[in-house]
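Chains as they are written, first to last, in the working numbering: chain X, 762 to 1004; chain E, 95 to 405.
Think of the hints as simulated: they come from the structure by calculation, not from any bench.
This structure is a prediction, so every number in the text was calculated from the model and none was measured.
Be aware that a few hints might be false.
[Unchecked claim] So the derived list for chain E, only partly shown, Cβ under 8 Å to chain X, looks like this: (1) R279; (2) S280; (3) A283; (4) R288; (5) A292; (6) L293; (7) V296; (8) N297; (9) V298; (10) K399.
[Stated by the list, open to error] Derived DSS-like pairs (lysine-lysine); straight-line CA-CA distance at most 30 Å: (11) X:K894 to X:K937; (12) E:K224 to X:K894; (13) X:K894 to X:K920; (14) E:K289 to X:K920.
[Unchecked claim] Computed beta-carbon distance windows for the label pairs: (15) X:N834 to E:A221: 45 to 51 Å; (16) X:P818 to E:M392: 35 to 41 Å; (17) X:G851 to E:L270: 30 to 36 Å; (18) E:I390 to X:D872: 48 to 54 Å.
All C-beta atoms, glycine included, are put in the ideal place defined by N, C-alpha and C.
Listed below are the residues making up each chain.
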Amino acid sequence: MNGKPPLLSIRGVETWYGKIVALRGVDVDVYKGEIVTMIGANGAGKSTLMMTICGDPKAHAGTITYEGIDITNAPTHEIMHMSIAQSPEGRRIFPRMTVLENLQMGAAVTDMEHFDDDLGRVFELFPILKNRKGQRGGTLSGGEQQMLAIARALMSRPKLLLLDEPSLGLAPMIVKQIFDVIRELNESEGLTVFLVEQNAYHALRLAHRGYVMVNGEITMTGTGAELLAREEVQAAYLEGGRH
Amino acid sequence: MEYFLQQLINGLTLGSIYGLIAIGYTMVYGIIGMINFAHGDIFMVGAFIALIAITALGFVASTGIGLIILALMLVLVISMLFAAVYGWTVERLAYRPLRGSFRLAPLITAIGMSIALQNYVQIAQGARVKPLQPIITGGYTITETMTENGLFAVQLSNIQILIIVTTVILMTLFSLLIAKTSLGRSQRACEQDRKMAALLGVNVDRTISLTFVVGAALAAVAGLMFLLYYGVIDFYIGFVAGVKAFTAAVLGGIGSLPGAMLGGLLIGLIETFWSGYFTVEYKDVAAFSILAIVLIFMPSGLLGKPEVEKV
Ligand SMILES: Nc1ncnc2c1ncn2[C@@H]1O[C@H](COP(=O)(O)OP(=O)(O)O)[C@@H](O)[C@H]1O
Ligand SMILES: [Mg+2]
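Using the sequences and the hints given, assemble the complete structure.
Below you can see the structure in the form of structure tokens.
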């Protein structure tokens, strides 16, 4: 895109769990300012890719570069200090911490200087969290937990936001609200987003570009609209063929 | 009534020492899910370092009170520092390399570390008990009553005041550290979800090391108290006190910080009251029986968190 190097570049990445191969040579580029999505069925390797970017587990082969720096073998906590943030699969809210403490943890990589500003900003995006401020994370509803997971990720002021299935198990209304926030962050602040989803329809409509992953391999790529129009995608990931 | 009051004072003193040790068990369990069997021996090492430091500084009871307090604070810092180094080393050498291996592995090395520390002190310091001349003497008589057996006086010694006050101060500071500071927050985050903590940029290995360091330092405080209170130590004190403190941690709810403090106090009280009203011989049985009964009705301890959580 415009001849600029990608913000995140994944080249030939292979990841293994013991003797099971989960990623078989994945190539993905994410450019600054884009929303890129990866769709795939359950077990395709989407979460593994998200976690491999963050160095847990480490890629057995291939390279991952972020802002031109090779992060393939960097420890997770160092990668997360490079303005990458993830809202992981299952949300992983700290259950015995309050909403506020969860957000403070999100800002752990910062020097806390902008904490109040950033807190105000995520409360504007997700007003419900403000009401739940003192409540323990474990007592929130699924939708609130997802909002908190994204808000927590935003507290580190990331340039690249990794989102793993934010729509999973949520009511359509809430999904729409969350996807609207993602779009708004991208449009108004130029936040780069890499979104992994089984919910292909919404994800492809939101994203500028998309990839399809099957069994740890990329089988298709194109703009969101292109992929939505393809029969194979419709058959496998949209109504009727959803599995 | 007077007798009761005296047992209460004694029990609180003993419970303070157990509570300080129990914190180390519970925090390590909370963060990596293992019982650090060597923790009682870190307490013992702390007591020995305190003894060495006191001997080196060469102060005795007749030294002025101001100087004694100053010197004891120095001794406290020295034994906390050294014990912290021991705690850090144990984790680094014996537990970290085994992280991610089968669950029993670190438990086995923990027992190994415990034996190694005992033998090391036995060789370096000798197997015989080491006495310490009383440094802090005196105290207050709270009440005196005539009984059939003569005059009974409820005594609160200066050393007991020192132990209880120091413990209260340390536990308050420590609770604040865990509840309010970013360091404490990271510690709790690692306890609840290590993978997620790492995803938020927390250096998990360093946080685990720190947990060992802090636990060891608090155990060293207990070591110094034990030394001052009983006046004798040997290489084996870590085993007995360790088992008691571990029992305290389980009673309070392993993994729970207030639980460890409460459990420590309770075990101390149960032990003294049992010895005071029944017989000294079965005081350990009493403590363990109460533990067993509590665990039947409250499997995760008095203040422990239930295992199931909403996802
Ligand atoms: N921790 C793990 N240990 C072993 N195998 C795993 C682990 N996590 C995922 N896998 C396997 O790797 C494959 C990809 O899983 P995952 O990345 O979670 O897929 P997705 O997120 O697309 O549903 C699956 O076959 C899954 O069973
Ligand atoms: Mg997944």
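Violating hint indices (sorted, rising): 4 and 12
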